[in-house]
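The chain contents come next:
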Amino acid sequence: MKLSKIHVNTWIGAICIVFAVIFYMMTGQFINPDAAIWPRVILVGIIIMSVMLVINGLGQSKMGAESGAIPAELLKGPLACVIAVVLYAIVMNFTGYFVSTAIFLPLGMYALGQRNWKAILGVTIGLEVFIYILFVTQLQLRMP
Amino acid sequence: MELIQQIIANFCSVQVWIGLAVGVIGGMVIGAMPGLSGGMAIALLLPVTYSMEPVAALVMLMAIYTAAMTGGSISAILLHTPGTPANAATAIEGYPLTLKGRGLEAVGMSMLSSGIGGLVSAVALLAIAPPLAKISLMFSAPETFLISIFGLTVIGSLAGNSILKGLLMGMVGLFLATIGTDSVTGVFRYTFGLDRLMNGIQMVPALIGLFTISQVMENCEDYRNANKSLMEQSNAELGKKMLPKLSEAPKYFWTWAVSSVIGVVVGILPGAGGNIGSWIAYDQTKKHSKNKEEFGKGSLEGLAACETGNNAVTGGSMIPLMTLSIPGSPNAAIILGGLLIQGLVPGAKLFTTQAPTTYSILIGFALSNILMVFVGLAIAKYVVNVVKIPNSILMPVVVSLALIGSYAINASMFDVFVTIAFGFLGYFMNKYGLSSAALILGLILGKNAESGLMLSLVMAKGDVLGYYFGRPICLVLMAMIFLSVAGPVFSYIRSNVKKEK
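Residue numbers (the numbering used here), protein chains in the order written: chain C, 1 to 144; chain W, 1 to 501.
Here chain C stands alone, though its shape is the one from the complex (with noise of 0.2 Å):
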């Protein structure tokens, strides 16, 4: 059987039991050997439910199904969109919430496709001053 006609279920399942395993033997290193009990019940519980997963995928895959892989082209948006999310997150650790949030939205609003800069700029500045007076002035938050 090819690998790409394998649903997905399969894959899932194969996933979900390489870790449990890992986390299994790590339940070995626990200085209290009862710190492991709820843990290891778990784990046996997941592999479990992840070998009926598998053989539910393999089933499947035999019948032709659907492998239910997503589409390379969909997943550009969404990539280009968690790798923004964490470059933002990254430069708010080095800059601060305020500074990064004034490059990230801007940016992000044009990347999406507006252009309307009265729009781009009061939103920036509104999101900017309501964030001030509610998280720095009422909740005394220390921001990043």
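The hints are simulated quantities; they were obtained by calculation from the structure and are not laboratory data. Glycine included, C-beta positions come from ideal geometry on N, C-alpha and C. Please note that the accuracy of each hint is not assured.
A few chain C positions that, by computed beta-carbon distances, are all more than 12 Å from chain W [to be verified]:
1) S4
2) K5
3) S61
4) K62
5) M63
6) G64
In the SDA-like style, the derived pairs of lysine to any residue whose C-alpha atoms are separated by at most 20 Å in a straight line are [said to hold, decoys possible]:
7) K5/C to Y432/W
8) K118/C to I389/W
9) K76/C to K388/W
10) K62/C to Y432/W
11) K62/C to M52/C
12) K447/W to F30/C
13) K118/C to K388/W
14) K76/C to F428/W
15) K228/W to L107/C
16) K388/W to N199/W
Starting from the structure of chain C, add chain W where the hints point.
Frame of chain C; chain W shown alone:
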């Protein structure tokens, strides 16, 4: 008669009405912001109550408690961003309604249901607090464990098309709850040497990631049309109907009644909170509904159950607090501080020598639920227009609010990265039919379930079955778990037998 006169005299104070208004409006605004919770607002306003009259102070704090849960439903319904953890279940039914152009109707139903749940719990608090409080004394580790298991049976309702995947995600959530310091033995588990993981994975950043960031990522699939609003993309018109007609109200009567009772009972249980109340109310309503197929795709009945359940917890959680000094929820624990600041010590005295003050506070709490409905309905027509804002503006703003909301919980950038990680995970979970709601439920209930089980094993002294079967409340809970699991199985078998005939 003298009691009534003293209560009326208390309400002649302007400070009480200002406290009521500040509590309701402030609570709704705070609750609507992802990452901010009623507990945060209560904790921050606690020092302010030093200089206030007792009735005004406690009415304000309790108004914040109930209004924050209601405010959280607004962002859950319109943006798929639960404002508080108690509104996660609301997002499942509310957001699909928004996509169908029924956002105003969903917000209206949420306000009405929240008010009903809160009012019922206020009446329970007023009328039957002392006898109900005795129930919380009977709860110990075995009951805590079984309540958590009962909560987990809700996963069946959240699993969507695949119960197996739903149960798997529930167990993954339970496993994620083990990360950090074990509450029984103090051992560090799966911290990989990181100090930040000693407290485990915080629920709110995970929730914001799974619901909000993943939704933003999904909206970015069609980035070429990001200048369209949510309404334009879903080809829906924004409806004008806000509340059910009077003739439609009886359809929801049973949902409101059952969900209110569930919320009050869950609220009485120490440490449970609105999160569990809304999930159990939602699950029970779905199981007994004649329109099960609508659930998960935008059911007003499901929405009503969630919001009634989570607001009914508020009064219920005050019952053991005011009678036994046992907070029924984390927010109630903070309100205990408010009571002590005003010299109101929980116990029999509150309902005897200090009765005028206590009953004034409880009536103020009931009034806050009524005011909350009117305020909510008044702003609903304006707030719902957020769905007309183009995604190109809305999505970056939502991301910014989500990240600062995650940061605000512990003033920690680590929580921000947890949010992003869960957002990434949540996007693929949604694509592959893995229930985020089941994972969150496992994360919420995991710690309680483990500590309840481990402590009860110690208390049982080797005879676990005899210990569990020897406790009446445990028997009731085990029967409820069995019915909750077996009920849908029997219905499924019965419907298949009918089809074959």
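Results for each hint:
1. S4: 16 Å, holds
2. K5: Check passes; 16 Å lies beyond 12 Å.
3. S61: 15 Å, holds
4. K62: 18 Å, holds
5. M63: Check passes; 16 Å lies beyond 12 Å.
6. G64: Given a closest Cβ separation of 19 Å, the condition holds.
7. K5/C to Y432/W: 15 Å, holds
8. K118/C to I389/W: Status holds; Cα separation ~15 Å.
9. K76/C to K388/W: 25 Å, violated
10. K62/C to Y432/W: 19 Å, holds
11. K62/C to M52/C: 15 Å, holds
12. K447/W to F30/C: The hint holds at about 18 Å.
13. K118/C to K388/W: 18 Å, holds
14. K76/C to F428/W: Holds. K76/C to F428/W sits at ~13 Å (cutoff 20 Å).
15. K228/W to L107/C: 18 Å, holds
16. K388/W to N199/W: Violated: K388/W and N199/W sit about 40 Å apart, past 20 Å.
The earlier numbered hints that this structure contradicts are 9, 16.
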